[in-house]
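Use the sequences and the hints to build the structure in full.
Residue numbers (this note's numbering): 1 to 100.
You may find that some hints are simply not true.
Derived DSSO-like pairs: lysine-lysine, alpha-carbon spacing no greater than 27 angstroms straight-line [to be verified]:
1. Lys36 <-> Lys47
2. Lys28 <-> Lys47
3. Lys36 <-> Lys6
4. Lys87 <-> Lys61
5. Lys36 <-> Lys87
6. Lys9 <-> Lys74
7. Lys87 <-> Lys47
8. Lys61 <-> Lys74
9. Lys36 <-> Lys61
10. Lys36 <-> Lys3
Estimated spans, in silico, between C-beta atoms of each pair [said to hold, decoys possible]:
11. Arg46 <-> Leu25: 29 to 39 angstroms
12. Arg21 <-> Glu56: 32 to 42 angstroms
13. Ser23 <-> Met1: 27 to 37 angstroms
14. Arg88 <-> Pro24: 31 to 41 angstroms
15. Arg46 <-> Ala20: 16 to 26 angstroms
16. Leu25 <-> Asp57: 34 to 44 angstroms
17. Asp57 <-> Pro24: 34 to 44 angstroms
18. Asp55 <-> Lys3: 18 to 28 angstroms
19. Leu64 <-> Pro24: 27 to 37 angstroms
These are computed hints drawn from the structure, not numbers from a lab.
What you are looking at is a predicted structure, and each value in this text was computed from that prediction instead of being measured.
Quick reminder that beta carbons are idealized off the backbone N, C-alpha and C, glycines included.
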Amino acid sequence: MVKWTKHAKRQLRHIHDYIARNSPLYAKRISEELVKRTIGLDDLPRKGRRAPELDEDAVRKLGLYSYRILYEIKSDNLIEVLAVIHKRRQVEPEDIPRNQ
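Here it is in structure tokens:
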């Protein structure tokens with residue numbers, strides 16, 4: 001199962017709202033594709049690369065357009081999406097809430 005944290009959902013909503021100011025259609029498309037990118041991670045949890053932001057083998061990242069999706073492998077059948085962040089944004093470990 002792939003579960004999104006409240007923090008990641010808020011970030012996705014913020015991305016959607018920001019893009020929607022100029023293009024509601026593009027905002028919807030980007031949001032949907034970001035969510036679709038996480039589907040199936042419970043079957044292939046190591047699909048993404050290690051996320052240097054957290055420097056743990058269980059925390060991985062996937063890229064899509066200008067965004068990074070950070071997720072944590074919690075168990076064999078549970079993946080938790082931690083954050084959706086613009087690639088240019090510098091992220092510190094304390095910026096990503098864990099165990100929500």
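Now the hints, each set against the structure:
Of the supplied pair hints, the one linking Lys36 and Lys47 holds, its CA atoms being roughly 14 angstroms apart against a limit of 27 angstroms. Proposed proximity of Lys28 and Lys47 is supported: the alpha carbons are some 25 angstroms apart, at most 27 angstroms. For the suggested pair Lys36 and Lys6, the alpha carbons sit about 17 angstroms apart, so the restraint of at most 27 angstroms is met. This hinted pair checks out: Lys87 and Lys61 have alpha carbons roughly 11 angstroms apart, not beyond 27 angstroms.
With a CA separation close to 18 angstroms, the supplied pair Lys36 and Lys87 stays within the 27 angstroms bound. A C-alpha spacing of about 18 angstroms is found between Lys9 and Lys74, which places the hinted pair at or below 27 angstroms, so the restraint holds. Restraint check: the Cα-Cα separation between Lys87 and Lys47 comes to about 18 angstroms, which is no more than 27 angstroms; the hinted pair holds. A hinted pair counts as satisfied when its Cα atoms are at most 27 angstroms apart, and Lys61 with Lys74 qualifies at roughly 14 angstroms.
At roughly 14 angstroms between alpha-carbon atoms, Lys36 and Lys61 fall within 27 angstroms of each other, so this suggested pair holds. Between the alpha carbons of Lys36 and Lys3 the distance comes to roughly 13 angstroms, so the proposed pair stays at or under 27 angstroms and holds. The beta-carbon spacing between Arg46 and Leu25, approximately 34 angstroms, falls within the hinted interval of 29 to 39 angstroms. Range check, Arg21 to Glu56: about 35 angstroms between beta-carbon atoms, so the 32 to 42 angstroms window is met.
Checked against the given bound of 27 to 37 angstroms, the beta carbons of Ser23 and Met1, roughly 32 angstroms apart, stay inside it. Between Arg88 and Pro24 the CB atoms are about 24 angstroms apart, so this pair departs from the stated range of 31 to 41 angstroms. Distance hint check: the CB atoms of Arg46 and Ala20 are about 33 angstroms apart, inconsistent with the given range 16 to 26 angstroms. Remark: the range hint 34 to 44 angstroms for Leu25 to Asp57 is upheld by a beta-carbon distance near 38 angstroms.
Taking the beta carbon of each, Asp57 and Pro24 are about 39 angstroms apart, inside 34 to 44 angstroms as hinted. Between Asp55 and Lys3 the CB atoms are about 22 angstroms apart, so this pair conforms to the stated range of 18 to 28 angstroms. Range check, Leu64 to Pro24: Cβ separation about 19 angstroms, and the 27 to 37 angstroms hint is violated.
The structure does not agree with the numbered hints 14, 15 and 19 stated previously, though it agrees with the rest.
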